[in-house]
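Asks: Each chain, letter by letter, is given below.
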Amino acid sequence: MLLKLLFRNAFRHKLRNTLTVCGMCIAILAFGMLRTVISAWYAGVEASSTSRLITRNSISLVFPLPLSYRDKIRGVEGVKTVSYGNWFGGIYIEEKNFFANFAVDPKTYLELYPEYIIPVEQKEIFLRDRKACVVGAKLAKRFGWEIGDNITLKGTIYPGNWEFVLRAIYTGRDKTTDQSQFFFHWDYLNESLRKIAPSRADKVGFYIVGLTNPDLAARTAADIDNMFKNSFAETLTETEKAFQMGFVSMSEAIITAIKLVSLVIIVIIMAVVANTMVMSVRERMGEYAVFKTLGFGPFFLAGMILGESLVIACLGGGIGILLTFPLAKAFGQAVGDWFPVFNVARETIVMDAAAAVSVGIIASVFPAWRAIHVGIAEGLRRVG
Amino acid sequence: MSLLVSYSFRNLLTRRLTTFLTAAGMALVVFAFASIVMLAEGLQKTLVQTGSADNVVVIRKGSSTEMQSGIDRYQAAVVETQPVAFGNDGRRLAAKELVVLINILRKRSNSPANVIIRGISDTSLTLRPQVKIVAGRAPKPGLTEIMVGQSVAKRFKNANLGSKMVFAQRSWDVVGIFDAGNTGFSSEIWGDVDQLMQAFRRPAYSSVIFKLRDSSEFQEVKERIENDPRLTLEAKRETTYYLDQSAALAKFLRILGTSLTIVFSIGAIVGAMITMYAAVANRTAEIGTLRALGFKRSSILLAFLLESLLLGLIGGAAGLFFASFLQLFTVSTTNFQTFSELAFGFALSADIVSKAMGFSLIMGFAGGILPAIRASRMNIIESLREA
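Same order as they appear, the protein sequences are chains A and B. Under this note's numbering, the first residue of the first sequence is numbered 1, with each subsequent residue one higher. Under this note's numbering, the first residue of the second sequence is numbered 385, with each subsequent residue one higher.
So here's chain A without its partners, still in its complex pose:
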């Protein structure tokens, strides 16, 4: 009975309340999208494993490490596999076609990253051919590449045009796996460097260390760093998660800004819903006075106003949540270059719902207070 009253009340003023529901729906949609953008930022962290360590030069990422460290790291207790690579920083035709490209030691690298799934026969050909490259399925789709295509990258860090043959395409094992990367043989890079810039050859950008026991990560990392203390190239070893987190924290300010903005939109919609409720309550002052005369208490009135506000907010919120999924999919395709992984997290949905409910509650506080405190005589006197 009360519920029916709430719904009836909510749609007594059709135009206004439809507008409010629409506004609410858009706000929740925007809120959900912003939260998804933030979680896309953290996708790299989510996808990284704690059983891998990254060793790099302690000065900063732009400084390399000697190749000779490979065998020394392999000797450290708790280390299972060692792979290595360089950030290549190549450009495909134009700068705006950005994607991550690495020169890696292919065999060990693929061993360490079982989440990159490559068909067996493609993998064999890729491992045999020194000029071969492997790309993620999303990246291949973006540029329409097919197996056997020649791809030329323009080097920014390593000058010149570099030619590759696409030999394999990987897909992701998990939803969070980044499928827009480009890998090629480190040997190809190194041998070319030996010819054109011998001083830069035999240098590695980073080592990836696979552990026998992830629980000993901290000790192994310390062991590796201690081994190279006071050498020409001191190292900094951390888990892959911490390493990725370092990247995320670099754009902290932007993430904080997006978080703030997502709160702002909730405040905006709160103002809109509160406005609707204020108007409804003002119109119905006479009715409330009648309720009071009949003996209904303040709690009943407050409940009625709160309920109506909740009906509007939750209706809009619900539609908004439902629309988040198709929109996120479309948006994810549009910004795929920036955010390779773009999924709506369950957490986001929970926050959406919480935001909708709190908007409903807060928006009704002031109008309810007004309705409760209006004198019966005054309420009855007021018209419109």
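What the hints contain is simulated information worked out from the structure, not anything from laboratory work. Misleading hints may appear alongside valid ones.
Unchecked claim - Pairs of lysine-lysine residues, derived as DSS-like cross-links and limited to a Cα-Cα distance of at most 30 Å, are as follows: (1) Lys241/A with Lys541/B; (2) Lys96/A with Lys175/A; (3) Lys491/B with Lys524/B; (4) Lys195/A with Lys620/B; (5) Lys229/A with Lys541/B; (6) Lys491/B with Lys229/A; (7) Lys259/A with Lys429/B.
Place chain B on chain A using the hints.
Replies: Relative to the frame of chain A, chain B by itself:
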């Protein structure tokens, strides 16, 4: 006409709470829009001011930043023979510099960030008149000394005057703090180029910067450098070089700002529409009276539209008012292109003010036009009867 204006204005006053809520919604939209656009503007301003048009930056062909570039000593010497300007002391105004990133800890969060460290020659300071030493002195050639920009001194550990920073296996004395105003240099650390090249074991410079004798000679010098078979370098005006560096981040901020604002404004327009429809519905009898007194339909339309535009104006002005305080803050984040930390402020420009105000007026218009049309179409007799 003035009657209409005061009618609209008083209407807003009578329903104070509703007016306030609607205008507050709009103000927030304008605030969000202005703040993000101001950020993009501030970023661009910072990086544009970093360069001066008479200076030329020479980097290796194909590299888009000094960080990726490498120029060996021989090539650098060839570049130095270009017709460059002379300083007051008769020296050639050309500097060979080293630019690398180092990873140091932030003061507050203790999290690491990449900071640009620049090895400077003795003419580097003359080439950048915007860089002024505010405390201490410049690092002396041949010593392990550095000076830090003001943003670095404020944000990073061990970056105060007199403290020591440890990187590249050496400990460096911070002997000076420099102020480079609102430029990218404020987020850098400077030290002697030869000392830094030794410490980092980098046998090559990153860039050569020189001042043109005459600004109009740029094209000629550029062609000579780029066509020289001994060199694999490219020359850019310093202003262009830094503008290019801000392109990606500024574009990202602008896209973010615009798409957010569009979504936000839909919410605010809905709010304005609700308010205006209610205003019209509440005043049916008044509208009837006005029409009976001889006011035309167009006047009624105008009155309600004016009311809604007034709402937009109030909202926009309030939003901009609060946004203007943001200019007191600086933000520091990683520039995607150089991969290094850069501090920049919010900058308000006349362009942003006019855009934001235009935006809020459009919101007011979009929210008010339909209700106003409804008001103007009302039938006199029916509307009078409703009272």
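Asks: Please name the hints from earlier in the document that this structure breaks, with their numbers sorted from lowest to highest.
Replies: none
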